[in-house]
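K.L.:
Construct the complete structure from the given sequences, taking the supplied hints into account.
The primary structure of each chain is shown beneath.
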Amino acid sequence: MINLRASLPILLSLISIGCSSERELPEPLQKGLVYCSEGNPEGFNPQRITSGTTVDATAAQLYDRLIDYDASEQAFVPALATEWQALDDGTRYRFKLRDDVAFHTTNFFTPSRNLNADDVIFSFNRWLDSTALYHPVGGGSYPFFTATGLDRLINRVVKVGPHTIDIVLNNADSSFLANLATDFAVILSAEYAHKLDIANQPELIDQQPIGTGPFRFEAYRKDYYIRYSRNPDYWREGPDIEHLVYSITPNANKRMLKLVTGECDVIPYPLVSKLRSLNQAQIEVKSEVSPNVSFWAFNTQKKPFDNPQVRQALSYAINRRAIIDAIYYGSAEQAESVLPPTSWAFREAQINYQYDPEKARALLDEAGITAGFEMTIWAMPVQRVYNPNARRMAELMQSDLAQVGINVRIVSYEWNSFRRRLSRGEHDTALIGWYADNADPDNFFRPLLSCAAVATGSNRANWCHPGFDQILLQAIATTDTAERRQLYRSAQDLLNQQVPLLPIAHSMRYQAQQDFVTGVELPPYGGISFRRAGKELAQ
Amino acid sequence: MTRFIINRLLYFVLALWLLTVFSFFLNWLFPGDVITNMSGIRVATEAYGEEFALRGGDTNLFVQYAYYLQNLINLNWGYSLVTQQPVWLEGSRTFMATAEILLLALLLALLIGVPLGALSAAWYKAPLDKTIVSFAVGGYSIPVFWLAQLLILFFAVNLRWLPITGQIDPLYLIEPQTGSVLLDIALSDSAYKASAYQNALAHMVLPIVVLASLPAMLLLRMMRNTTVEIMQQPYIKAVRARGLPPYRVVMQHAVPNAMQGILQQLTFIFGLMLANAVIVESIFNWPGIGSWLLKAILDRDYPVIQAALLLLVATTLFANFLFEIYRGWRFPIVREERYGSA
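Those protein sequence lines, which keep their order, are chains A and B. Position one of the first sequence corresponds to residue 1 (full-length UniProt numbering), numbered consecutively onward. Position one of the second sequence corresponds to residue 1 (full-length UniProt numbering), numbered consecutively onward.
Calculated directly from the structure, the hints in this document are not laboratory data. Careful: at least some of the hints might be erroneous.
[Unchecked claim] Computed cross-link-like contacts, DSS-like style, restricted to lysine-lysine with a CA-CA straight-line distance of at most 27 Å: (1) A:359 to A:303; (2) A:31 to B:193; (3) A:535 to A:31; (4) A:535 to B:193; (5) B:295 to A:254; (6) A:286 to A:274; (7) B:295 to A:222.
Everything numeric in this text was worked out from a predicted model, so none of it was measured.
P.N.:
Here is the structure:
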C-alpha cells in the first residue's frame, strides 16, 4: 500500500517534467539547432563521395570553395578566392586568395598559419594527381571529378605567389567555373595533412576533418549524431547558432514525428501530404524546384524510334499532366525542356506536345505504324528525387498508348543491371532522369545527349546528332554568357523538335522546419547550408 | 549459506564458460576469416598480422580458445567492422544505457504490480478486484510496439509533453562516457545540469513505461494469485480467527510470504524484459544493447554481434545468480529445498 502511494507522485512528477509550454526552450536548445538527417555520412570529405546525404552533412558546413555560386543572382561570387581571371584564351585561370582565412582550431589540431596557395594546391592534387601522397588515402577514387571530366580537363595547378595560383586547363571549357563552385571542390589544410602524415595516420584527414567552413567538427556517433560547433574565427559572417547537431533519423515517419515533438528543428525529405494533414501551425514546409528532370528516352538506334515523327507521335500520345498528378502528388512541375526553368539558359518549349491521341494516331499512320505495334518501356526499379515511382508511371503510359493502338510491355531489372543493360542499348524506350551537380546548363546536355555520351553509355537515347554536338562544343568554348544562352536556346529548340527524349517533370525538393528557424534555405544546387542559420525566439 | 553461494557460483561460472565456448565457435560459423570475425581487423590490413599472432591464428583450437578467453578477460574485444571503434567501449556504453532503463522499468513494474496485486487479493472477487484484473488482462494483451505507438501518439504528438527518441537532446552536449545518461550528466562539466536532468528524465518516461507495462501486469497477476492461495492456508485462518481485519491480514501476513514466489519469478521477468528492451530501444532510438545488436545483425558486424550476445546472456545469467542468492539469504526454505538443511 505504501509502495503504491509512494509511486504515484513519482510517476506524476516524471510525466510533468516534460510539460513545458512549447516556446520556452531551455538555454542550450536556444543556442543550437538540430537537423534530422536521413542517414549516416560516408565520410567527412566531399571530394571522395557523391551521395547527397554526405554532401548535406559536410560540404557547406566544414569547408569553403574558391568560388561560390549565387543562385539568385545566377552568378559566381568570391569565396576563398577574391578575384579570378581567364588567361590564354580560357585555358589558364588565375585565382587570388584571401589572406585572412584561418583553418579550424580544434582539440585535435591547431593551425599555425592561415590559408595560402599550398592548401589549394594540396586540395586539388588530392584528386587530380595520382602520384600525390594523399591521392590513394581512402581508396583513391574521386567519382565527381571523374564523372565531370574535371580530372582530365585540368592539366596542373601552379603556385604563382603565396596567395596566387594558376589552374592550367588542357582546353577551354566554360563549365569549368561551375564545377569549381560545386560542393565537391573544397579546400583542405595542407598543414593538417602534413601533421597527420608525420603521425602516420593519413586516413584521419577524412574522419576528423579540418576545413575553413562556418562550423568545426566535434564528434560523430554512427546512427546517432554528428556534432558541430560554430567556428569563431570564420572569415565571413557566420551563423547565429553556436552548435549544430545532425540527429540521424533514417525513418521518414519518425523524422516527421520528431519535428512535431520539437526534437528536430529542420528535416529533409518530409512526408509532405502527411505533415499537412497533421495541421501543425508551428511547422513550415518549404519547397524548391531542384535541378533535375525525369524523361522518357527513345532508343534512336532502333527502328522505328530513329524516325523523329514516331517520337513526336508518341509524345502526343501520353497525358503528361495526368501522369504528373498521379505520380508526384503536386510536388513537381511539367517539364518543357531538359533544363529546369530556373536555369539562365532555359527556353520554353516551342512545340508543347499537349495530350492529343488523335494527332498521335495521325502521325503514326503517316509514319506507317499500324495498330497493334508492340514496344517496351523500361521503368527504373528505384525511387529517385526526379521520379518517385517509375513503374507506376510506365503503367499509366501503357494505358495511354493502348488508346492509340500501341501495346506496351513494361521491363524492369535490379538497378545496377538495369543501368548496365540500358548502356548496352537493349531498350526501346526508358523512363529515367538526371540530377544536376552544378548550375551550368552544360551539365544537362553533354552527359545526356552528346555523341560522346553514346559511347560511355549515359546517352539513354543513343542519340548522336552532329549538328547538336557542334552547338554544345561552341557553347563550352566561349565564356560569353549572352552567346552561350543563344547557343543553348537553339540546342533546346532542336531537342524540342527532334525529341530524342521527352522531358516529363522537374520535381521539387522539400524541407520542413520549426517556424522560429531562420536562414536555412533550400539550395537550388548542392547540399544544405547552415551558414546563416539562427533561431528567432520570442523573448 | 556459504555452501549455497558456492554452489550457485559454480553453476554461474559453468554457464558463463559454456557461453564463451559457444561464442568462440560462432567465429567459425560466421562466414569469412575467423580472426577477422573475432577482432574486426580485416585480412588485407597491416594490423592483421599482429592480431593473427596475438590470437594464435596458427595454433590449434585449444590454444586459440585460451587466447580468446584471455583477450575476452582483458576486455580486448576487437573492433567493429563498420565503425572501427573498440567493441568493448561501445558495448559497455550500450550495456549501461540498457541497464539504466531496465532497472528503472523493473522498479516501476514492482511498484505498480505488487501493490495492485495485493489490493486485488485483499478484495478478492469484489468489484475492485474485478476492475484491477480486467485492467491487468488488457495491459497484458497489448503488444509492446503497439502500446509504444499509442503512447507516442498521445503524449508526444498530441500533447507534446514528451520527446520520443534518444537519451537526451543532443544540444546539451553530454558526452556518452558511461552510457547511462544520468551518470553522464553527473560526470559532465555542463553548465546546465538541472535542465539536462529534466530533459533526460523526460526522454526516459516513455521507454520505461512501455518496458514496465508487461512485467507490471505479470507481477500483478502473480501477486494476486499467490496471495489468494496463501489466504487459504491454516495460519491465515488462525490470525483471522484472532480478529485481525482482512486488510491487515493481507498486508502483514499474506504479502510477505507471497513475495517469495514473486522473487522466484523475477528471473523469468528479467529475461522477458531484456527481450522487450530490444524492441523498445529500436522504437525510441535508445542507444542500448538491443538496438546495437539489431544494427550489427543488419550490418553483418560479427565482432559486435558476438559481444552483444555475450553481454546479453551474461547479464541474464548474472541476474539469475543474484536473485537466487538473495532468495537463499532471505528465505532459508530455498536452501532447505536443495540440501534438506540450512
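K.L.:
Next step is simple, just say for each hint if it's right about the structure.
P.N.:
Cross-check of the supplied hints:
1. A:359 to A:303: holds, 21 Å
2. A:31 to B:193: Roughly 16 Å separates the two Cα atoms, so the pair holds.
3. A:535 to A:31: At roughly 8 Å apart (the allowed maximum being 27 Å), residue 31 (chain A) and residue 535 (chain A) satisfy the hint.
4. A:535 to B:193: The given pair, whose Cα atoms are some 23 Å apart, holds under the 27 Å limit.
5. B:295 to A:254: This hinted pair holds, its Cα atoms lying about 17 Å apart.
6. A:286 to A:274: With a Cα-Cα distance of about 15 Å, the restraint between residue 286 (chain A) and residue 274 (chain A) holds, given a limit of 27 Å.
7. B:295 to A:222: holds, 11 Å
Hint compliance for this structure: no hint is broken.
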